[in-house]
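As they're listed, the protein sequences go chains A and B. Residues in the first sequence are numbered consecutively from 0, following numbering that gives the first Met the number 0. Residues in the second sequence are numbered consecutively from 0, following numbering that gives the first Met the number 0.
The reader is advised that the hints may include incorrect statements.
Incomplete in silico selection of chain A near chain B, CB under 10 Å [unchecked claim]:
#1 Glu16
#2 Lys125
#3 Asp135
#4 Thr137
#5 His138
#6 Glu139
#7 His171
#8 Arg173
#9 Pro199
#10 Glu201
#11 Ala202
#12 Gln229
Counterexamples of contact, computed for chain B against chain A with all Cβ distances above 10 Å [claimed, not checked]:
#13 Leu26
#14 Pro29
#15 Thr106
#16 Asp111
#17 Arg170
#18 Tyr178
#19 Leu212
#20 Arg225
#21 Leu260
#22 Asn274
Heads up, simulated DSS-like pairs for lysine-lysine below, C-alpha to C-alpha not over 27 Å straight-line [as the list claims (entries may be wrong)]:
#23 Lys125/A / Lys398/B
#24 Lys48/A / Lys125/A
#25 Lys405/B / Lys125/A
#26 Lys405/B / Lys379/B
#27 Lys72/A / Lys38/A
#28 Lys254/A / Lys230/A
Since the hints were derived computationally from the structure, they do not count as laboratory data. Using N, Cα and C, we set each Cβ at its ideal position, and we do this for glycine too.
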Amino acid sequence: MSFSYPILPGGHLLAIEGLEPPHISALLELAESYALLNKSGKTQRDLLKGRTLINLFFEDSTRTRTSFELAGKRLGADVINMSVSQSSVNKGETLIDTASTLNAMHCDLLVVRHAQSGAPALLSQKVSASVINAGDGTHEHPTQALLDALTIRRRKGRLEGLTVAICGDVLHSRVARSNIHLLSAMNARVRIVGPPTLIPAEAARLGVEVFHDMRAGLEGADVVMMLRLQKERMVGGLVPSSREFFRFYGLDAEKLAWAKPDAIVMHPGPMNRGIEIDSAIADDPERSVIGEQVEMGVAVRMAVLDVLARELRRNG
Amino acid sequence: MVEPLIDRRAAPLFIHNARLLDPASGLDAPGAVLVQGGVITACGPGLTAPEGAETLDAGGACLAPGLVDMRVATGEPGHEYRETIASLALAASAGGITTICALPNTTPVLDDPAVLQFVLRRGEATGRISLLPYGAATKHCDGKEVAEYGLLKEAGAIAFSDGTKAIGNARTMRLALSYAKAFGSFVVQHPEEPALAAGGAATEGELATRLGLPGIPPAAEAMLVRRDIALARITGGHVHFAHVSTGEALAEIRAAKAEGLRVTCDTAPPYFDLNETAIGDWRTYAKLSPPLRPEADRLAVVAALADGTIDAIASDHQPHDADDKRLPFAQAEAGGTGLATLLGITLARVHGRDLTLLAALALLTSRPAALLGLDCGVLKPGAPADLVLFHLERGWQVKAGSLPGKAQNSPFDGRALEGKVLGTWKAGRRVFGA
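Just need the whole structure built from these sequences, with the hints factored in.
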């Protein structure tokens with residue numbers, strides 16, 4: 000597959016917001032081809048040969064880091080994992096110090112996860128590498144939205160015209176924000192469902208419909224996307240208890256019945272079983288596509304690395 | 000305060016061919032000013048230079064009282080890497096500012112007469128400005144116990160404030176307003192309901208939601224303003240609200256003034272020149288406290304400047320070094336420099352026809368001076384010879400990195416301005432301009 004124009008202008012993937020529908024489609028097409036390649040067991044080990052990919056994780060993550068590691072290795076990159084513990088941040092090493100260290104290592108592709116919104120954007124101004132945002136604070140998690148879109152497309156054949164209900168802690172969710180931007184750009188109808196304390200201010204201005212009642216929010220939905228409720232939200236008083244949350248917003252068979260009969264269930268992981276999702280639903284092979292999301296994650300990340308590597312070649 | 004700065008051996012200074020602007024009297028006429036012994040001895044049209052005077056042809060430029068900036072944070076003591084009082088004074092002179100009120104939340108805080116006097120002395124030593132510190136409104140500026148207003152006032156405190164921190168406890172604020180009356184003083188509040196604002200980095204709304212930044216609802220300002228107005232009513236005390244930034248809070252203040260309560264307020268240039276879109280692309284130089292607001296609030300601030308609800312424009316200068324700002328947005332320090340741009344940004348509202356030149360200058364000179372009980376801020380015989388000479392139209396561009404003084408964190412980086420300071424005099428001594 001070849002592209003006559005840059006798919007990721009600027010040479011970074013920092014956010015979904017701002018990407019045009021043709022760019023998103025092109026990324027999904029490429030990811031689809033990687034999904035097929037991965038299934039066939041073939042690899043393409045020369046594409047990123049001689050390139051260095053650094054996974055720079057300021058927040059713990061097994062799933063996303065492993066997924067990027069596998070994607071990089073399948074394309075032949077030298078992959079290094081750097082976990083920056085809170086302790087060294089507390090010692091006073093700043094993001095800028097980290098950036099100069101990375102520049103000295105001649106890193107080509109930098110995958111960043113950080114607890115602060117905007118941290119990958121800040122790094123992108125200071126490093127020579129192409130930066131991929133692997134989740135920043137409550138801002139965005141672009142590759143998650145891409146893998147979700149790919150999963151939906153494979154199951155439903157399209158994105159346009161589908162009704163997608165994103166449920167739970169939208170306020171703190173970077174996954175929700177990236178999905179809202181991507182799905183709206185591709186003309187899906189996006190709903191967000193949750194208690195008012197977990198819905199961000201002026202959310203409707205992002206082009207979504209807001210529901211506080213699961214029945215209304217799930218009615219007629221093609222896709223039900225559950226979000227992780229972090230335990231510390233309970234401490235912050237945004238939700239009184241996990242049992243109350245599960246009763247009114249946790250996805251179980253009864254609530255899922257309000258969606259379309261063929262609605263699929265998604266979750267970015269890791270799941271809090273019995274808080275936002277019932278195990279019986281999470282593990283139901285008929286409805287849950289959670290396993291496929293993980294599989295598509297590798298394909299999507301290979302596509303993103305591929306596109307950014309083309310940019311690297313374009314710019315020498 | 001001016002006394003130690005006066006050079007009595009200096010020859011009389013005669014500035015002529017100037018456009019004299021005295022907002023207090025409404026004077027706007029060509030003329031000259033004569034300065035002797037640190038004070039203005041004559042002022043008006045048709046003056047001639049006395050024998051032996053040093054003369055200066057102003058070339059028709061505007062000559063006004065030196066600016067009185069009632070809200071400035073200094074890095075000294077405690078954060079000298081951000082800015083020292085000497086570098087602050089340098090920036091003030093370049094901005095035409097001759098009197099500065101310094102916030103008390105330094106390290107240590109100004110809740111002790113000895114520390115307050117240290118700041119006063121450091122200000123005097125610059126020879127450039129009157130540096131008038133606020134005393135802490137509460138001990139340690141922690142909002143719990145009212146500080147020693149009597150002793151602090153004797154030591155030179157201009158009024159009382161917890162600076163960049165809100166006095167959140169209603170009982171403490173009531174006592175502060177009440178007790179300050181005993182010393183004829185007032186309390187300056189950072190009007191932001193602290194529990195509602197905790198952890199916030201931007202104004203709550205669509206932009207903060209898109210950026211994934213914790214938001215502060217704009218109502219957090221009006222809420223504390225409303226409470227403190229009620230406390231002013233109970234106590235008969237004088238409350239002054241700093242850097243008011245929302246239409247909702249300004250409406251409350253307007254009503255309280257109409258009621259005859261002792262309520263005053265200021266705003267800062269970012270709140271009538273910028274709106275929240277300035278933080279797009281994670282521009283931490285535009286991260287301020289309170290945060291920049293939607294355009295409707297900016298327009299409300301402009302309207303309140305024009306109708307007199309706002310008593311003063313203060314720079315709300317908050318010096319930070321690059322490392323305080325080169326951080327992810329929510330972690331970066333809030334606040335911007337404002338001394339060098341105070342006049343230029345204010346004049347932009349004159350060029351934009353929102354304010355007359357005299358009304359704009361009144362907000363920078365006579366009105367804050369009157370509020371603070373100072374004899375400066377006026378152009379008349381007997382007043383201190385604190386003067387600023389500026390060209391009303393001459394253009395320049397704000398460039399962070401080449402601003403006067405140490406701190407460079409201007410939220411106006413890149414802004415083109417019309418109106419340039421040509422010269423500044425403190426007590427008759429030239430402190431800026433060739």
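- [ ] Starting from the hint list further up, note which numbers the structure goes against and sort them upward.
- [x] 12, 19, 26
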